[in-house]
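Participant: Could you put together the complete structure from these sequences and hints?
The primary structure of each chain is shown beneath.
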Amino acid sequence: MLRKYKVIAAAAVIALGLTSLTGCSNSDEATAGGTIAIITVDPANPYWKAEVDTAIATATELGYETTVNAHGNDPAKQTQFIDAAISAGVKAIILDPAGADESVGAVQKATDAGIPVFLVNAEISAQGIAKAQIVSNNAQGATLGAQTWVEAMGGKGEYVELFGNPTDNNAQVRADAYHAVIDQIPGFKLLQKETANWDRAQGKAKMELMLQAHPNLKGVIAGNDEMALGAIEALRAAGKLDKVKVLGFDGNDDAVAAVIAGEMVATVLQPIVDGTRAAVQQAHAFLTDGTAPSSEKQAIDCILITKENAAGLKGFVLTTP
Amino acid sequence: MKLNALKREESTGAISRFNRGAFLVEIRALIALAIIVIFFSIMSDNFLQYSNLVLMTRHVAMNAILAIGMLLVILNGGIDLSVGSIVGLSGVVAGYLMQGAPIPFTGHVAYLNIWAVLLISLLVGIFFGWLNGLLVAKLNIAPFIATLGMLYVARGFAKLITNGETFTKLDGKPSLGNTGFITTFAAKPFGVPLPIWVMILFAIVFSIILNRTAFGRWLYASGGNQRAAALTGVPVTKVNIGIYVLSGFCAAAVGVLFTADLHAAIPNMGEFSELNAIAAVVIGGTALSGGRGTIRGTLIGAFVIGFLVDGLVLIGVSVFWQETIKGAVIIVAVAVEEIQRILERRQKLKSAS
Chain A
144 MLRKYKVIAA AAVIALGLTS LTGCSNSDEA TAGGTIAIIT VDPANPYWKA EVDTAIATAT
204 ELGYETTVNA HGNDPAKQTQ FIDAAISAGV KAIILDPAGA DESVGAVQKA TDAGIPVFLV
264 NAEISAQGIA KAQIVSNNAQ GATLGAQTWV EAMGGKGEYV ELFGNPTDNN AQVRADAYHA
324 VIDQIPGFKL LQKETANWDR AQGKAKMELM LQAHPNLKGV IAGNDEMALG AIEALRAAGK
384 LDKVKVLGFD GNDDAVAAVI AGEMVATVLQ PIVDGTRAAV QQAHAFLTDG TAPSSEKQAI
444 DCILITKENA AGLKGFVLTT P
Chain B
233 MKLNALKREE STGAISRFNR GAFLVEIRAL IALAIIVIFF SIMSDNFLQY SNLVLMTRHV
293 AMNAILAIGM LLVILNGGID LSVGSIVGLS GVVAGYLMQG APIPFTGHVA YLNIWAVLLI
353 SLLVGIFFGW LNGLLVAKLN IAPFIATLGM LYVARGFAKL ITNGETFTKL DGKPSLGNTG
413 FITTFAAKPF GVPLPIWVMI LFAIVFSIIL NRTAFGRWLY ASGGNQRAAA LTGVPVTKVN
473 IGIYVLSGFC AAAVGVLFTA DLHAAIPNMG EFSELNAIAA VVIGGTALSG GRGTIRGTLI
533 GAFVIGFLVD GLVLIGVSVF WQETIKGAVI IVAVAVEEIQ RILERRQKLK SAS
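So the sequence lines, in the order shown, correspond to chains A and B. Be aware that the first sequence starts at 144, since it is given in the working numbering, and climbs by one per residue. Be aware that the second sequence starts at 233, since it is given in the working numbering, and climbs by one per residue.
Please keep in mind that the hints were generated in silico from the structure rather than gathered at the bench. One or more of the hints may lead you astray.
Said to hold, decoys possible - With a Cα cut of at most 20 angstroms, we get these calculated SDA-like pairs of lysine to any residue:
no., chain 1, residue 1, chain 2, residue 2
1, A, K332, B, V549
2, A, K332, A, T286
3, A, K383, B, A419
Just so you know, these numbers come straight off a predicted model, no measurement behind them.
Facilitator: Put into structure tokens, the structure is as follows:
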């Protein structure tokens, strides 16, 4: 008897787990506004969670139902979710695309089915298909960050770089903008560049090793906050936190705390909340009276976060004091 | 091979043959390790420095602890793909409890002392390991499939618990009596980081379990040939569940150590670490078909992988080459063994004819 229960319990737990995997979709019946499908990358990351939360809040405010799915940067999954959205007959799709080239087909498919697609956070490599492509201006933001970091370094020094996931376009854009600023100044020397795949644990492990190879390094530029926070942990353990200047990017809450504590020189806030809200509002305008966004490609400027304004930043929303 | 394992205590001939095979495989892994150490100490002045050796060994330790659990599973002809996710889940559970766990319907928040946090986190790993064991041993689901499912289930739970947050308030408060998580689990007794001590402790304890207990003899026997072992009275179902429980336990221990080390509980912590653990086990000379393998070999395997990966970073090799080289070393390490076995078989055939 007991044995039977054990098996049933195991099955129940697995069933529970599986349903949790399919995500928090609450599609089915449509209200007056209909349903907007939100397809994001990975809501376990605070950055995309802010994106999802904003999209849901804005859509609900405007009278829409929402469904949420996460493709985890897997184009095959993205296509599945697009197919599901088409057959569910959603009114519009808010999509954070999985790759610039890989996503063109999926967006085309939805557009062909008569469903307008509004892209947020990342772009695709074709124009004229999606109704809007709203991205944060990574190059402009990285330039701001690099300038502040150069100043904090006193205009010279040996440094290392933590690079994002090499297959992600944003990794290269940010690195290029960093170097456009830093490489002009003769006093700087890049000792080593390692990728840590946007990940905090990898950022720490790589930083620990680079500290062994270059014990006297003075600065770290990181492609995002998670890697920068990993580097900060490595520096803390090595007792070098006060000697090394760290630059992050994204403006997540842990990074804000690090900036306030003086552990991170600066981070750059991606206006993900503004961008997502704009995407949903543009979708609403298009659905109600057919007004398309004035231009498809829209870049929203990033905001530099330093000790001065960090206190006003929470959940990717900056309130000026 | 299973008969050798069974008769180890009676038949000296079987012992020497059994040990010689294992010994040769270990020697090969040791040679690989020696080559890696010599190569990188020539390429980098920092490689052999004490602080760097301690650092690399700490990185190795996390994988080695996982690999010890994985070894038990592979000895029985199974595989445990869920350990990386259990690392993440137990770490997140520890982080969640350190932040203060709301008690349902009461409006109170429980702040547990760090040893209770450790216990619950380990129990989470044990529980998921036990579920793996039930699925494999009772429902006869292929280990690859059962633990692949659990990989997603455990990772899903980790993400559900964090709901997009990263738990970083792990220090506790003196007024709540829950301080010391970081200082205890990321401690450095005698200047050596805790993960290294845990690796040594686990290696000793699990060596004793494998070599000196009935459970160990049962495991080698059951891994060699489960049906034959069952017929000779080995409780194969119990053994099968036990190994997944122990593997889950090892993974949970790594989850707590990792969280303390990183000063943060992140839901995607430990992703893909099951593959590194499997690689360590295999390089250490363990047969994926089961019945053959040792803790010592597994540890050497973990050092081969860890020193290789860290050494490549230390000398500044491009990240794409790092991955390619790591993969090639895994293949070569196993291929050499298989080639030798083919040659031995041919020799035997020749001498027989």
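Participant: Each hint needs a verdict: does it hold in this structure or not?
Facilitator: Verification of the hints:
1. A:K332 <-> B:V549: holds (18 angstroms)
2. A:K332 <-> A:T286: holds (18 angstroms)
3. A:K383 <-> B:A419: holds (18 angstroms)
Of the hints listed earlier, there is not a single one the structure fails to meet.
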